[in-house]
Amino acid sequence: MNSKRFNIKELINDFGVPRLIILGFLMLLFILAPFVGADLPTQFTNLFNRFSWNAVLVLAMVPMIHSGCGLNFGLPFGIIAGLLGGTIAIELGFTGAISFLMAILFATPFAIIFGFLYGILLNHIKGGEMMVATYVGFSAVSFMCMMWLLLPYHSPTMVWGYEGKGLRTTISLEGFYDKVLSKFLEIRIGNFSFPTGAILFFALLSFLMWCFLRTKTGTAMTAVGSNPIFAKASGINIDKIRTLSVIMSTWLAAIGILIYEQGFGFIQLYMAPFNMALPAVSAILIGGASVNKASIANVIIGTLLFQGIVTMTPTVMNSMIHMDMSEVIRIIVSNGMILYALTRKTNEGRRA
Amino acid sequence: MRENVLEMKNIQKSYFGTKVLHDINLSLKEGEIVGLVGENGAGKSTLMNILFGDEVIASTGGYDGEIKMFGKTVHIGSSRDALKLGIGMVHQEFSLIPGFTATENILFNREPIKKNVVANVFGERLDTLDRKKMREMAKSAIDKVGIKIDDDMLVSVMPVGHKQFTEIAREISKDNLKVLILDEPTAVLTEKEASTMLESIKSLASKGIAIVFISHRLNEILDVCNKVVIIRDGYVVKDSEISKITVNEITKHMIGREVDTKKRVSRNLGDREIIMSIKNLYVDMPGENVKNLSLDVRDGEILGIGGLAGQGKLGIPNGIMGLYDAEGEVLYKNEKINISDPMSALNKDIAFVSEDRRGVGLLLDETLEWNISFLTMQVKNKFLKRFLSKLISFRDNKAIKDVTDHYIEALNIKCTSSKQKAKELSGGNQQKVCLAKAFAMQPKFLFVSEPTRGIDVGAKALVLDALKGYNEKYGTTVVMISSEIEELRQICDRIAIVSDGKVAGIYDASESAEKFGALMIGASAGGM
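As you go down the protein sequences, you meet chains A and B in turn. The opening position of the first sequence corresponds to residue 891 in the working numbering, with each subsequent residue numbered one higher. The opening position of the second sequence corresponds to residue 17 in the working numbering, with each subsequent residue numbered one higher.
What the hints contain is simulated information worked out from the structure, not anything from laboratory work. Heads up, a few of these hints could be off.
[Claimed, not checked] Result set (PhoX-like, lysine-lysine): computed pairs, CA atoms no more than 25 Å apart in a straight line: (1) B:489 to A:1122; (2) B:439 to A:1183; (3) A:1106 to B:439; (4) A:1130 to B:160; (5) B:260 to A:1122; (6) A:1122 to B:208; (7) A:1016 to B:439; (8) A:1106 to B:406; (9) A:1106 to B:364; (10) B:307 to A:1106; (11) B:25 to A:1122; (12) A:1106 to B:401; (13) B:435 to A:1106; (14) A:1122 to B:439.
Put together the whole structure using the sequences plus the hints.
Below, the structure is given as structure tokens:
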């Protein structure tokens, strides 16, 4: 801190060995790409697109990490709120860009209610948040599997054609909010395109988060995560702050899935939310967050690295060895990162 | 002249660079009972842990000095060594297995055994216990202790006194027992049980066992011991035949180090009005319960609260500040404080420096800036920059850095910068950060709990001076809770002694150390 000496060892420790390995691997992929015949501009387009779809879901991790609730394995909660918002907007006949705004609008009350209830639950199980959250998230997904069939949706674009009721597993967003953000101010140069609108939207949410963490309440949230008893002794209502963080996280997850859908072009229902939490969790961990410290930089770096691996490995690997290794590598990377972060947690001996 | 069973010579011990035992010498003769007394933290337990080979000692670098038994130098590296040498110890906290009966506990791992078929094949670990013989042995040990304990009763359902006797029975059932260490064996006993205990201790000694007897009840020491050894701050300050010493002299040696520090200029604050009135306070703080305590604090004074550990002195601020469940009425300037909500007291400019620095006092993973400014920011909305007509307020990093730098200088906090993490500081400097945190709030009333616990002498003086200075400069009322009576006498106007969750008495700080000592060990304010 006081010395200006360039200490490489410290720098490496600061950046984290796992991140260096992943960064090295990603660089290697980019270097290899032209040699195996992959088109670099297309690869970059892919990377930025996938970044823009996923970044907000990763950002949703931040508030709960700050308040000491750990990694939000209960992300499916927020995602369900987002799915409800999206489907209701379509059901009510909104189209185009308006449907996206309405989806956010409808998703918000669900996110707040779900987040509030989820927050109350987490306040009763302090210390075991992450495990309970995982199962609660899974149960919510299963419950909604029934509800998607039973809820009275009628819009012909969404329900099963042969019976006229029950939502389909995949709903196309064409004519609704497909690519509304990605196409906004999109930059195109040859094969390369940049989803300016979606990235700007992420930047806006990140900026708001950055601002929030600098307010009095945001400071209190960080302190609750750092040492809850210290915060209590300073007059902070710990449960209230934690609930607030869960609501924020749930709302961001709802918005995050809507952004994901607009980029992807489809709403995926039923078991889809099941698979959204782990990539987001591992992305923020790759970005350098720990179970009780996370920054916006962690979100950006982590999402870039994680999505980089996910987009680059299939192309490069497939061309090289003519075998699909992408899924295997994605699973190793994401679960490996989660494992790594959880072992670090016990080392630090955090107080529950 | 009886033989010296045990001799401890020039025993020294440091924990993490802090010396807790300097040059202790202790000898025990056959059949002798030596009383070991001293304040909490004087080094009694450390000394006994060395003697019994507690793993704490070995894991923190062992001890220096020499231990001789029957004139031969021995090394005690583990409890196993100690047991082999015939040293037994009865711990303050019981080391019994709750689900086993008295008999099973007494003879645990030393059970008489019978051969059986399986053991012939698989070895002696599978021998059968000889229940009948076990019972006989246990019974005879219990008889020696002198109290009727059902040898078949599970330890988990025993009254606490019986557990204590079971432990002693276990020790004396060992054939090779030469030295028995009793760490406050009477602390949990009723008066009648205690006197039975003392009788059995005497009869043990008459059988030739040398006994080290630790107790805070000095009358017991006078009753049973042949010799008393007084330890203070890691030194033996007095080693005397029991007939040549009185209770008053013992207490004086225990706490009254020759007062070499500047004595407080006595202030007459008797006519100040009552600023805080505590009535019938109950606090449910594990190990420090407060039971129906009433206390008045005068405006602008420094009130000391002393007493032995576990008597409830720490529960008082923790209860009033809303950190533990509490009941009762606390009036501050004639307004009620809601003692279930920490904010209630904080909003009235009452601050608290907790005894648990690392657990409650600090954000170990955050910078000094955060640690010092957080409380004030949350309670008083300071160190915030406001935008959009006060709708949004951000942390004012410059104001935070300024206030932190101010206190780093004022309290001489040794750190690399205001951005250093709190966990990287030493204990004394962490304590100063805790004080700075409270000072930054500019409290009108300050609770300070064990401010000098675990910090070195230099830092101690600085912390005490800071408190005194703050009191004099701003007229802040200070209530300081400490186990060290001498420290309280240095800076307080009055000192209240808490015993068994209540105020045993309040004296002017200039009263003699003996008087406070007497209050601590349970005599009422009028007695002795």
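Verification of the hints:
no. : hint            : in the structure
1   : B:489 to A:1122 : violated, 29 Å
2   : B:439 to A:1183 : holds, 16 Å
3   : A:1106 to B:439 : holds, 23 Å
4   : A:1130 to B:160 : violated, 60 Å
5   : B:260 to A:1122 : violated, 53 Å
6   : A:1122 to B:208 : violated, 45 Å
7   : A:1016 to B:439 : holds, 24 Å
8   : A:1106 to B:406 : holds, 12 Å
9   : A:1106 to B:364 : holds, 20 Å
10  : B:307 to A:1106 : violated, 38 Å
11  : B:25 to A:1122  : violated, 49 Å
12  : A:1106 to B:401 : holds, 10 Å
13  : B:435 to A:1106 : holds, 19 Å
14  : A:1122 to B:439 : holds, 19 Å
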